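So the chains spell out like this:
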Amino acid sequence: MTTNSRAQITLNYALIIACSLIAIYPLVGVVLASLYPSGTSSSPSGFALPPTFAWHNYVAAWDQGKFAASFTTSIIVAAVMVPASVVLSVVAGYAFATMHFRGSKVIFYLFILGLIIPTEATIVPLFYDVRALHLLDTYWALILLEVSGELAFGVFWMRAAFLSAPPSLLEAARIDGASSWQTMRKVMVPFARPAILTLAVLTFADSWNEFFLALVFTVSHTTAPAGLASFSGRYTTNIPLVSAGAVIVAVPILIVFIIFQREFMRGMLTGAVKG
Amino acid sequence: MARVVYDGVVKRFGEVAALRDFSLDIPDGEFMVFVGPSGSGKTTALRLIAGLETVTSGEIRVGEQVVNRLAPRDRDIAMVFQDYALYPQMTVFQNLAFSLKMRKMPRQEIERHVQHAADMLDIGKLLQRKPRELSGGQRQRVALGRALVREPKVFLMDEPLSNLDAKLRVQTRTEIKHLQEEIATTTIYVTHDQVEAMTMGDRVAVMNDGVLEQVGDTRTVYEHPANVFVAGFIGSPAMSFATVGATMRGDQLELRQGALSLTVASTQLPADGVPAEVVVGVRPEHAHLWSEGEGLVGPVSGRAEYVEMLGRETLIGVLCGDQQRFSVLADADTPVRPGHEVRFGIDPGRLYLFDPLTEQALTVL
Amino acid sequence: MSELPAVVASRAVADGGRRRRERLPGEPRRIGYLYIAPAFLLFAAFNLVPLVQGINVSLYNWDGISPATWVGFANYGEFFTSPDIRSGYLHVLILMIFYSFLPIIIGLFLAAVMSRIRIRGLTFFRMLLFLPLVITDVVTAVAWIWIYDATGPLSTTLKAVGLGHFVPSAGWLGDFNTALPAVGVFGMWGQFGFCLILFLAGVMKIPATLYEAARVDGANAVREFFAVTLPGLRYELQVVLVLTVIGTLGTFDEIYVLTAGGPGTSTTVPAYLVWRRAFQTGQVGSAAALGIILMLIIFAVTYGINRLMERGAET
Chain A
4 MTTNSRAQIT LNYALIIACS LIAIYPLVGV VLASLYPSGT SSSPSGFALP
54 PTFAWHNYVA AWDQGKFAAS FTTSIIVAAV MVPASVVLSV VAGYAFATMH
104 FRGSKVIFYL FILGLIIPTE ATIVPLFYDV RALHLLDTYW ALILLEVSGE
154 LAFGVFWMRA AFLSAPPSLL EAARIDGASS WQTMRKVMVP FARPAILTLA
204 VLTFADSWNE FFLALVFTVS HTTAPAGLAS FSGRYTTNIP LVSAGAVIVA
254 VPILIVFIIF QREFMRGMLT GAVKG
Chain B
1135 MARVVYDGVV KRFGEVAALR DFSLDIPDGE FMVFVGPSGS GKTTALRLIA
1185 GLETVTSGEI RVGEQVVNRL APRDRDIAMV FQDYALYPQM TVFQNLAFSL
1235 KMRKMPRQEI ERHVQHAADM LDIGKLLQRK PRELSGGQRQ RVALGRALVR
1285 EPKVFLMDEP LSNLDAKLRV QTRTEIKHLQ EEIATTTIYV THDQVEAMTM
1335 GDRVAVMNDG VLEQVGDTRT VYEHPANVFV AGFIGSPAMS FATVGATMRG
1385 DQLELRQGAL SLTVASTQLP ADGVPAEVVV GVRPEHAHLW SEGEGLVGPV
1435 SGRAEYVEML GRETLIGVLC GDQQRFSVLA DADTPVRPGH EVRFGIDPGR
1485 LYLFDPLTEQ ALTVL
Chain C
8 MSELPAVVAS RAVADGGRRR RERLPGEPRR IGYLYIAPAF LLFAAFNLVP
58 LVQGINVSLY NWDGISPATW VGFANYGEFF TSPDIRSGYL HVLILMIFYS
108 FLPIIIGLFL AAVMSRIRIR GLTFFRMLLF LPLVITDVVT AVAWIWIYDA
158 TGPLSTTLKA VGLGHFVPSA GWLGDFNTAL PAVGVFGMWG QFGFCLILFL
208 AGVMKIPATL YEAARVDGAN AVREFFAVTL PGLRYELQVV LVLTVIGTLG
258 TFDEIYVLTA GGPGTSTTVP AYLVWRRAFQ TGQVGSAAAL GIILMLIIFA
308 VTYGINRLME RGAET
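So the protein sequences, as listed, match chains A, B and C.
Under the numbering used here, read the first sequence as residues 4 to 278, first letter to last.
Under the numbering used here, read the second sequence as residues 1135 to 1499, first letter to last.
Under the numbering used here, read the third sequence as residues 8 to 322, first letter to last.
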């Protein structure tokens, strides 16, 4: 099984190419489908190029899917939520990693608990709480809920990142006269920059992709995925149009993924493998 | 510049006592070396001064001030870490300047101080580089520079040379020593390497298992070790020990164990005599082949177990009887080979006697 | 990807304080609290407090508008009596085959077959294989709506090879028999790339000497797999198992988009039931109870899998 024979190498490439094709086929297919003339009731086969490239489907989808509004919501929510979540996680993670105070262990375990609580367990009371706060159908509902949802992981992640720093680094900063805040800002944050970036990227992905919360808490100020879901529901028979909408929603996260591949991989693989 | 005093200091980590009743007075400007094996408490003692650990009981004073409760930043000390602990994302300049910035020193002054320290350590050209671009030796200098720049009352160094290769270590050793003489700041230096300790320290504090075994200048610690541990730890190759029976015969002391037999003129016996059993100690450099020396005490007979060519001389491991082992230093071209019969003698005044129970030094014969 | 935290949690608890537990000279006493306060307050307000509230609500019958009536544990009892709920969990069990077991087996098999030869451009392939998981699942679900359409590529391909009679007239998602497996295949497609990458990385870490020793002992390829590869992947296996099983239990987005639980109730899942009862059918108390039950099941499953895998590691 470990021979380096020509056959083995060819097999490997064949297999991984086949798997990759399977992985991207639906995505490529949906792009192709979006370029077929809108309104055709017979579906594109996904193997052939459309007769003409119906780029206007994208304009139509953008308008009829009201994506201007939902993109705005998604962007605003992410723009507030990601920095807030990351900053809070960094600060709290730093404290857990470097300070001793009574009950820190208990409080940390409560955060860990948050990792296991699924949204479904709290969604019902949350709805009524948010309504009572008059925050239904607002950006704030999504921002607050998404931030608090990410905090458990974020705090854990940053604590682990800070714990990996050599103790002497912290001691040197103490001796040099830095306060805990200064040490965090000038020594530990630069040290943990890759981890922070990874957290930011993962948090952005979670925010952009968030559907369930958007569905429950927003109607008119809804996010892109929710907008797509209702768009799809309204135009079920117009496959090219809906496909255009899907591609539109996919583009931002795709771009972020391509640019920050390394961070994504690091987050998903080490988070899973190293725990 | 200040005097450092440990007064009855005890440090416990949970149940474990890392430092027991440690008292030491280090005058201003002294280069004091804490030396001992790992677990001896030397690093703990250092870290207590730094303020990186809390004192369990006792007092530590820097200058005339009791610093037990003070944060490191208020103690006016600087430390060089074993792994250098340079801030990885900052340039060398920023590393050196960091503590001064924390003290809100004006920009001009910071530059002056940093430049001065950089010149002293010859790292001026490295100021814009980051630590990962530097060699081990260069990083070590930056670590030193970071401490220098502070102009503290006390320098603390935690095995700063242990990550360097042997040649660099020797070179840097002398440099650090000269540096310290130049700036005359009280320095506490921790190492497990007794050669380092002997070459660098004004005084040496030998520690073992949390206890201060002996403190004194290098000559004293070498020539008058207070107990078996110090005698065996200081000096390389290490002193040989043997437990023998001792009997007084007139004004001669007879030492005998199995096949080993030695008679010594007893000029220096302690007033209350000698216990029935003593531990004798001999440094290899004071044990010579009977054929190579004169006026030696002995002879002692045995068989050569091993012969190590050290270049300049040869180290012979001699087995006397079935248990007593001695190391003897001989000329480089000695004909002795493993298995040969060996007879050796000891320089007069170099036979150490220790109490077998307390391990304290009794006398030197 | 949002299931990642569950895995992290299941391994996190043991990681304790290797740092000293005493206060250092001059260190301000209470400052730690200041640092964690904002995060903890937010977290408590929107995660812990609602959890307690949820437990409270679950003990009532409530339609969201009129006053609630106390029913004690009746809502929880429904777990055993209501066919709705039972079929919901039955469906996720079936989905687990597609979301968890099959991708794992495929991933293991492929990783074993591809063995340990370095593939040039692995980063590129990795990117492609991760895409299904990274792209918003609403988007990928829409893509599969097209695939599963009665006139979509799956159907046209089958027709082209003469198997057209298999194609349901209402499309694969509209037929009672094919809807759930269709969702399953969607999930399998989503997960298999991740499994493959994880196992490939894990296989690379197995020392070559182990394989050589097995070869010398006369093991054939199959033997090698069970004796060296599989044990060597124990850790990755555990992680992937927890991730995918928990992920399946919480499935919602694709059900909503692909089938809305239908046709009929053939693709309902617990999370969907929670949503529907809370926001469509006015069974708020029951929804809350279902949410709590789901959480407990996730706890139990995570614990169970970890226990099982760790026990296996000791043999």
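Hint data in this document are derived by calculation from the structure and do not stem from the laboratory.
If you're wondering where the values come from, they're calculated on a predicted model, not measured in any experiment.
Don't take every hint at face value.
[Said to hold, decoys possible] Covered stretches of chain C, as calculated for chain A (at least 3 residues, CB under 8 Å): (1) 86-94; (2) 174-186.
[Said to hold, decoys possible] When the alpha-carbon atoms are kept at most 30 Å apart in a straight line, the in silico DSS-like pairs for lysine-lysine are as follows: (3) B:Lys1287 <-> B:Lys1259; (4) B:Lys1235 <-> A:Lys189; (5) B:Lys1238 <-> B:Lys1264; (6) B:Lys1235 <-> B:Lys1301; (7) B:Lys1301 <-> A:Lys189; (8) B:Lys1235 <-> B:Lys1259; (9) A:Lys189 <-> B:Lys1259; (10) B:Lys1259 <-> B:Lys1301; (11) A:Lys189 <-> B:Lys1238; (12) B:Lys1238 <-> B:Lys1287; (13) B:Lys1301 <-> B:Lys1264; (14) A:Lys189 <-> B:Lys1287; (15) B:Lys1301 <-> B:Lys1311; (16) B:Lys1311 <-> B:Lys1235; (17) B:Lys1264 <-> B:Lys1287.
Note that CB positions come from ideal geometry on N, CA and C, so glycine has one too.
- Message: Hints numbered earlier in the text: which of these fail when held up against the supplied structure?
- Response: Hint check: 1, 2, 6 and 7 fail, others pass.
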